[in-house]
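**Q** Build the full structure now, drawing on both the sequences and the hints.
Number of protein chains: 2
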Amino acid sequence: MVYIAVMGHGVVGSGVVEVFYKNNKSIISKAGIDMDIKYILDIRDFPGLPYSDKFIKSFDPIINDPDIKIVVEVMGGLEPSYTYVKRCLMAGKSVVTSNKALVAAYGSELLEIAKNHNANFLFEASVGGGIPILRPISQCLAANEIKEIAGILNGTTNFILTKMISDGMDFKSALELAQKLGYAERDPAADVEGMDACRKICILASLAFGKHVYPEDVHTEGITNLTLEDVKYAEAWGGVIKLIGRVKKIEGGRISAIVCPAFVKKESQLANVDDVFNGIMVRGDAIGDVVFYGRGAGKLPTASAVVADIIDEAKHLGARKYIYWAPAEKGYVCDYKDMASSFFVRVKSHDKAMTLKAAEPLFGKITEAVCPDSPKDEAAFITQPMPEGQFERALASLSSLDINVISKIRVMADI
Amino acid sequence: MVYIAVMGHGVVGSGVVEVFYKNNKSIISKAGIDMDIKYILDIRDFPGLPYSDKFIKSFDPIINDPDIKIVVEVMGGLEPSYTYVKRCLMAGKSVVTSNKALVAAYGSELLEIAKNHNANFLFEASVGGGIPILRPISQCLAANEIKEIAGILNGTTNFILTKMISDGMDFKSALELAQKLGYAERDPAADVEGMDACRKICILASLAFGKHVYPEDVHTEGITNLTLEDVKYAEAWGGVIKLIGRVKKIEGGRISAIVCPAFVKKESQLANVDDVFNGIMVRGDAIGDVVFYGRGAGKLPTASAVVADIIDEAKHLGARKYIYWAPAEKGYVCDYKDMASSFFVRVKSHDKAMTLKAAEPLFGKITEAVCPDSPKDEAAFITQPMPEGQFERALASLSSLDINVISKIRVMADI
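For the record, the sequence lines run as chains A and B. According to my numbering, the residues represented by the first sequence are 1 to 415, in order. According to my numbering, the residues represented by the second sequence are 1 to 415, in order.
Fair warning: there could be bad hints in the mix.
Since the list gives no way to pick one copy over another, a pair counts as held whenever it fits inside one copy or between any two copies.
[As the list claims (entries may be wrong)] Dumping the calculated BS3-like pairs for lysine-lysine here, alpha-carbon to alpha-carbon at most 27 Å:
(1) Lys115 to Lys321
(2) Lys376 to Lys54
(3) Lys163 to Lys266
(4) Lys337 to Lys365
(5) Lys352 to Lys22
(6) Lys357 to Lys54
(7) Lys337 to Lys376
(8) Lys232 to Lys265
(9) Lys266 to Lys365
(10) Lys408 to Lys57
(11) Lys22 to Lys365
(12) Lys337 to Lys147
(13) Lys172 to Lys115
(14) Lys57 to Lys330
(15) Lys147 to Lys22
(16) Lys180 to Lys25
(17) Lys232 to Lys147
(18) Lys22 to Lys249
(19) Lys172 to Lys232
(20) Lys163 to Lys265
(21) Lys315 to Lys115
(22) Lys25 to Lys211
(23) Lys248 to Lys180
(24) Lys321 to Lys337
Since the hints were made in silico from the structure, they are not lab data.
**A** Pasting the structure below:
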């Protein structure tokens, strides 16, 4: 009998217990070994549940009980998650987590500890909720050199953008609706400012390219400044605005990584990922483009990914699952200012032709961007791909000509 | 050192060798053990290749060489593939195959032999080419009760349908173009008559629901009878026609399975799967809908899936990968005539109103289907979901009223 401890009984934690008991027979059969949940750690009381007797308020029974072979961390946040997970792995207990902040901050260290103590550390649920993505990358696409990954990694912002695009709601109203429906937190910063997507692209990058990538090293922009006018320009261009997390292999064994809103062509598989859904495109040298689509969050989808990891760890007790990446390296993630991007730019203008003429020498060849209902007092254009540093200098020069920039959005026509 | 034999040096086989050597360093590192290809079995000569010395024309060296731990079967067809694979597994050698005909015909038997001889039998490439699908179903979605799977499983027919839908080409011209581009064989029957998709849905059904499903037990219709008028009706209805393979769990532990062209809503993730791409939707009780998208065929995508299986087998030599299903059971796949479907029906008619009035008592509530450019001398309608047997009797009654049926296509508004 394998005993499991679940740390945290919030949305995901309660979902884990629910899925574990709901599909118990087939889960045990797939694991090939009998399993049960012995402890559930939460400081709150949960009377009246069929498993209320399993609740504990201290970590001690978990770490001290040699019967506990698998520990599920679904508390979220960095502390005490980090300390608890580390202690479990050092005691040779395998750990499953859905905690992207934890993996993005400490992934390589925890994987190393797991390796040294013959335990497993799995976190399929930390990216894409219930969508299978980490295991396919590490196993199914193992024969590929992965060239890049680009995805819609945050359901909250994708819901907001979908409402802006399809229903013409402005950002503020769409955010309020998302909060009302429970898709956005009362403090939505981590979602709308891109941090959540950033943690996920860091985990994907670390796994796909083999070295830890910290969120601090990834330039991140959210969607709070997007307006309905930007959305309409994107439509006139033949696409939609999506919050994209993207990582690419570049020359010299380095990578580029970014999280930002971007124009994406309607023909892209990512353009059709709407509402709270996530979509992740993996580009390999042999396979070409593969896209994974599904619910990137939510109680049961996330819980089902956690329980799948539990099954895998139960099958591999004392054996190692090969998921591993090396520690971070200075200079491995290139400065975003050196990356080339094509930009959509909107500026205040009383004379379109003159404004575009003034812009051309600064940005190189530009294409006017048009939009049927655009405000009269502005001009818009799309640049050729150029290094961001150069683009920012050109933008500064534009401002020095008293041409005020309203918005600038990256154009990703190749995903 | 693990030695590999590759049986077959056609499109996929040569791709396997190419990918194996191209990404060799990372492949060996992921396998965690040194590997090389020792033999390539093909009756043809391949002089002038860097690995021409590895070719053999007889199976004997492979079966007799104890150094050969992994055998790759990429010859296709049932014989001698079946005999060779069986002998390899009985000798304790692990086998990887991309051969869907083989797995659909002998999957449960070969998995049983593999189990009894502590070997592994993997076939990720047999469905969806390079798209990760079998491993995600068996591992990542293991905590789910899978309720159904529906997919575009054949790239050739999807290319033809895309040309009919987007470019208004008729079936014959689109097929000729597919042949010209190398997407369709000179004898396209296996693709356009649905057999290829049928084998794949059988493999998916067997894996997801645990019992072998034979192609003979799955009602299969191809796309050869589809016309541009049907395509236009589908568009007016708000969707597209796709060749769908679908399997569902039904009451009593049984399943329903079918391969047929179907109306699919534009909003469906499958509607946006175009050209030679495949898309597979898996519906689970916890995860909801997950969709996998990518190249379902082609030399390198398929080869990359084969090589990923090689890596997995090299990591699990002497240990078992848990992929297994039980033998087929009589009566397990329900008769398609007992399954309920909604149908689109086009009939010859000189008086629409009268025809629809005559149809209503036979089919129950129907909805007229309209299409701007439809021929004047016909009527079209969509039925409510009804058992196919009952639908066919209603259709016969319609014919007995001298109303001739032009086409009937299933409507799948729920995928």
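**Q** Tell me the hint numbers this structure goes against, listed in increasing order.
**A** Violated hints (numbers, rising): 2, 5, 6, 7, 10, 11, 13, 14, 16, 17, 23, 24; every other hint is consistent with the structure.
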